[in-house]
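Using the sequences and the hints, build the whole thing.
Residue numbers (numbering that gives the first Met the number 0), protein chains in the order written: chain A, 0 to 394; chain B, 0 to 394; chain C, 0 to 394; chain D, 0 to 394.
Hints were generated in silico from the structure; no laboratory data involved.
Keep in mind that the hints are not guaranteed to be accurate.
No copy is singled out in the list; a pair is fine if it fits within one copy or between any two copies.
Stated by the list, open to error - Quick list of in silico lysine-lysine cross-link-like pairs, PhoX-like style, CA-CA up to 25 Å:
1) Lys-113 / Lys-266
2) Lys-366 / Lys-377
3) Lys-328 / Lys-352
4) Lys-1 / Lys-366
Predicted model only: the values in this text are computed from it and were never measured.
Number of protein chains: 4
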Amino acid sequence: MKVIRDPVHDYIELDELALALIDSPEIQRLRRIKQLGFSNLVYPGANHTRFEHSLGVYHLARFLVKQVDEPGQKELLAAALLHDIGHGPFSHASEELIERYTRKSHIHVEELLKQGVISDVLKDYSLSASSIAKHIRGETHPGQIINSEIDVDRMDYLVRDAHYTGVAFGLIDHVRLIHELMFNENKLVLNIRGLQAAESLLVSRFLMHPTVYFHHVSRIAESMCAHAAEYIIEDEGLKPQVFRRMDDITFIMEMKNAGGYPAEISKRLDERRLFKRALYTGFDSLNVDVLKLRNNLKRIEKEIAESAGVATEYVIVDIPEKPHIPEMKAQVLANGNMILLDRASNLVASLEKAQLDNWRLGVYTPKEYRDIVGDAAKAFFEVKKDTKQFKLTDI
Amino acid sequence: MKVIRDPVHDYIELDELALALIDSPEIQRLRRIKQLGFSNLVYPGANHTRFEHSLGVYHLARFLVKQVDEPGQKELLAAALLHDIGHGPFSHASEELIERYTRKSHIHVEELLKQGVISDVLKDYSLSASSIAKHIRGETHPGQIINSEIDVDRMDYLVRDAHYTGVAFGLIDHVRLIHELMFNENKLVLNIRGLQAAESLLVSRFLMHPTVYFHHVSRIAESMCAHAAEYIIEDEGLKPQVFRRMDDITFIMEMKNAGGYPAEISKRLDERRLFKRALYTGFDSLNVDVLKLRNNLKRIEKEIAESAGVATEYVIVDIPEKPHIPEMKAQVLANGNMILLDRASNLVASLEKAQLDNWRLGVYTPKEYRDIVGDAAKAFFEVKKDTKQFKLTDI
Amino acid sequence: MKVIRDPVHDYIELDELALALIDSPEIQRLRRIKQLGFSNLVYPGANHTRFEHSLGVYHLARFLVKQVDEPGQKELLAAALLHDIGHGPFSHASEELIERYTRKSHIHVEELLKQGVISDVLKDYSLSASSIAKHIRGETHPGQIINSEIDVDRMDYLVRDAHYTGVAFGLIDHVRLIHELMFNENKLVLNIRGLQAAESLLVSRFLMHPTVYFHHVSRIAESMCAHAAEYIIEDEGLKPQVFRRMDDITFIMEMKNAGGYPAEISKRLDERRLFKRALYTGFDSLNVDVLKLRNNLKRIEKEIAESAGVATEYVIVDIPEKPHIPEMKAQVLANGNMILLDRASNLVASLEKAQLDNWRLGVYTPKEYRDIVGDAAKAFFEVKKDTKQFKLTDI
Amino acid sequence: MKVIRDPVHDYIELDELALALIDSPEIQRLRRIKQLGFSNLVYPGANHTRFEHSLGVYHLARFLVKQVDEPGQKELLAAALLHDIGHGPFSHASEELIERYTRKSHIHVEELLKQGVISDVLKDYSLSASSIAKHIRGETHPGQIINSEIDVDRMDYLVRDAHYTGVAFGLIDHVRLIHELMFNENKLVLNIRGLQAAESLLVSRFLMHPTVYFHHVSRIAESMCAHAAEYIIEDEGLKPQVFRRMDDITFIMEMKNAGGYPAEISKRLDERRLFKRALYTGFDSLNVDVLKLRNNLKRIEKEIAESAGVATEYVIVDIPEKPHIPEMKAQVLANGNMILLDRASNLVASLEKAQLDNWRLGVYTPKEYRDIVGDAAKAFFEVKKDTKQFKLTDI
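What follows is the structure, encoded as structure tokens:
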């Protein structure tokens, strides 16, 4: 047993298997992938990495595994440690792009488990790469511990992201939550006594969304980064599979070396000269069914750019998915019956609707094009005249 | 300027006026009144007092006063420091009783400001006791800072109560909240940019209710204490006005010296041999309109006791008020318009309904009478047969 | 297993034996004994009790017991939970007095273990009261865990006292310390890898002494309390054995009921009208060998009072013991050899000498007698004329 | 005024001047320089940057400036914000090398203040670049606030480094420290009432040294990085002035692009395949006067490498400076007299000697050469046979 200092969980104990896996280049790479992409442009403390988050998930999984006392613990704990090795550079900033080009999300890691050091370690311990991959995809019964409605992944990241941003919303009672989770008919369920702890987790996530995860500054920087990546893939021939395995540093190199638009974006990110909001508005102000347009972003950007008379790559249209809260469908065990969390709690039931309040369509462009792109975008999205839009001054 | 260490706000600066007021017996008495009555029977760390809470409210009021830049600051800061001197022993445990007998709640303190050391200090600084009393009752424009929908009183107590209980729900961004409060047309309003901070405050309060403020163990101990007090007032001739000015220690002495029932209750509280829940149920299980019965508790207790064949003083009926959330009606300033907080936030709008989930009718009695009193109570309140009640085992 | 929220250790798990012991009046009494006596007069947050400290010591003992894997764990854990039941009212404030009259310190609790609920519980679990008593006195090999040079008792109280006072000096790495402790030849020893953690513990204790434990305001209030107690014992016939079993509240009642001097002291403590420092000085300023006078305090107070012309009970002479640091003699295991901690660390070696800097002789008296008693005290103790004394204004 | 969230100081307020300076590429670059170089290889949370530290120093300087009420505050606050722009990649890892080649340490930043955005901003506000440069070098009277024996620079970094490493040693009472600092005869001095706070700062620094700043793993990684940089400068013609202005990312690119030895080092750092300790020992075991050899490291490495039969670049000799503690000479004001801190405190006086306990000579080499390089190094440094060396297994 070795212990490692962690600012969130104090100490994390690692056994030999964990230490062997951590020594792999795949996990070491996570040291160079920021957990929150470009959120450090808003919250200067948010430089934490997928590496420490992975240790944290492993740590909480150990507690929960011990609590529910399931067989096959070694594979599950390996899955906890490895669950994020599929992330691309800057985490979520590259996610949509990678999915679009490779049809793989960050939870599809089976091939990575079957090669190199990880494969060797798994063989040494007679563990199955396929099983671990299934755990990571949440397709198995014990896999619910790390990937389901209420899992240790989000317990760790909510607390950790709050800790490093310094935001006051992430205090979750994970000890109580873990204490009240159990398996019932192959389903990970929450004892009703843990209801307040679960409510607290969901509210915390709800509050973190507009404040951190969807803060417009991070969202703009991430969109800029994704646009640069797409440019390099399309115009410079970077293979999406190679892009997916880069880390933050090697991708920044790639942008700088590419010259042109990607290098400009990199310099802008370095000097925090970001695109600005030309349009930023909620569902209420829109006459078009905006969610249907999510598959045609490139075309829309082109149309708005042409209408405004600026080059296409200087118009970024950002239409987030309609928010949904999978945790609402977590199972709660009350007086021997299983009910859904949003049935057990009126508070939880209200969160999905409340979340719509925070959804924003954004159109981003360099400062100097703000007005012309703003007008073109308002026309395109048929923004209602009489509704108040959010002020475009940065908070 | 003197600085005092505070575990919640780190350091609190006190000027000469504050120091002079603190030296009064009225404020020193608050050192001997626990902020959370008997919550330390559930949360062993909850031994904090009204004294330190008063310093904390003063501290936050200073920040807010500086921020809104209003005249008459000295009187307001005095009000912040003095706002809780009207509390009786064990804070809320004695509150209903005192109001019933004296028609005064803890915010009616004008007479206390017009006598003794406080009166002398106020005269020295040419401050008006009447104005301060009005501030404390929240009847003035600046008084909203310490007593209104979103005031520094609840900012301090939520954080402080969470800190000392160790509960994970009280992390409030009071810096942001204070930063976004301002006066608009004589009304303390919140800039929309502080919306998440306000949501967080309300959710925190929502979660603290069942977990701390209405935890059945504290609720039982407080009811026992109030019954002993009523017994002493009725049978031993203790004057309600004298009771109101006691502190925790002198009231415990009073119970012990009284002998009989009050002494028994005191011994039970000392040894944590509390009454148990004979009935504990939400609105859904009740066929009677229970809130209408709140004024006849004595009669109900008598009826249930007689029906069960136990002495009246061993049956305690606890019907809390219907929960309401005054903060919902706080004013929010968005794009130049004032709207109510529950209009600005779907989350807030849902809290009042959600709060009903946590309301409980309780009937408490010594362990040995649990079954007979439980049956009598169920009959009296027409508890529906087919609805599940909450398990009566202590959490 | 039941879990209890603790602000210091987050959660404390209690098994059935622990729960049964906690239900005894002896442990419940500790809820009414403040851990730091009158330190709340300086640090308003310091209202924590021996009860929560006892839970904390039990919690850390569980970790250490698991780590060193010794037999007889149940008795040791019982001892951890019970180790402070021998304390008198206001903890250390009553300690010297009780020892003087009863020849028993707070670690002599064998009789208390052999009666009432505790005795019943121990019998139910077939545990020996005598063994537990020996553990508490630190006379056994496993007893070193709770009472030796580096034990879980001081790990808990240093962190806890710092937490509640808000002082910045108590952050101790108890996880690392516990991780590096082991038994070697029946001696609890520290692996050299834990050296920095041990240094940190000692420095923390060193810094807590002048700032908290020997802060003059607490020291004055404690001396006043002890003088009132002695008065009641001598003049009112209170039996020392009865005094020893009181709690803070019943002793305050005793003072108030006694009238006269004790009631005056109680009122002064209530209103924070404390005696002041008439003399307050270190070793360097004294021409007499002051430590030799510790056994004649009553006579000295009388002499100074007569010389100053005030009543004896208004002169309090406070001569603390010469500071010593037992932790310095903890054993450290380095490269297979056992050495003493003060040999392994130059920092530790220097602390004992450094501690002398903070020692103070105090003579306390009501404000109005400060000058005359000060002069009499300076004459008595032959205070050097040319040395600078510490200013007598309160910090 | 804009407020920024900081995990250490909660909120940092920035005025217009600060915001303008922060927008410069020189300060934005600090976002890409890790505060603790490679300490994240030991403490996974230690990814914090010089950028947030600079904000923290500015924040504390504002408090201290307000407290001492000196003129010329704007220039001093600009200096606080800019004090670290002279750092090279990976902070201290590149420091010795840059000083050797450029004769400039990180506090020599005058040229940087006289060009680009910073120069423009300073002109806009009529501030003198030369004065600011002098403040940063600690050569002025107010400059002591950010660069002297007890300055806000170390107050921030000790707390911040402890926070992000998770180490328990960095809790410093900076509020008290700042409160007790004042100017006396143009010298920044500490009131004796802040003595314990100062002791705490020094002890914190003392404990952080072996645990964090001189942890052998960081020290090895930093030495490897410096050797790669020297190789690129010598063999690839990288100009030292250019190296000095790189950030962590661009220097990693430089290593990767250089191929050969630098690329190997970069890969080793990426995969955490570090050199190991072939020798690691304190002063006591050495017969040679090792500090005299500090200027001939290259020659020594060559000699040991030849004697062991390995290539020179695979032997790294690390001879840290003799530890000294400049804070010991801080001035303390006691009873109107100025004395040195190590005269006012026996604890402080002992720290310099104690610090020698933690000094280590290290010789590092790839795992496979450990034994042969170890033997050669022991011979070279005349390591005493009978003294015990520290075990070379990693903690």
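Going down the list of hints, with the structure as the test:
For the homomeric pair Lys-113 and Lys-266, the shortest alpha-carbon distance between copies (22 Å) is at most 25 Å, but the shortest distance inside one copy (38 Å) is not. Within a single copy, Lys-366 and Lys-377 get their C-alpha atoms as close as 17 Å, which meets the 25 Å cut-off; across copies the closest is 63 Å, which misses it. In this homomeric assembly, Lys-328 and Lys-352 come within 25 Å of each other (Cα to Cα) both inside a single copy, at 15 Å, and across copies, at 20 Å. In this homomeric assembly, Lys-1 and Lys-366 come within 25 Å of each other (Cα to Cα) only across copies, at 20 Å, whereas the closest approach inside a single copy is 51 Å.
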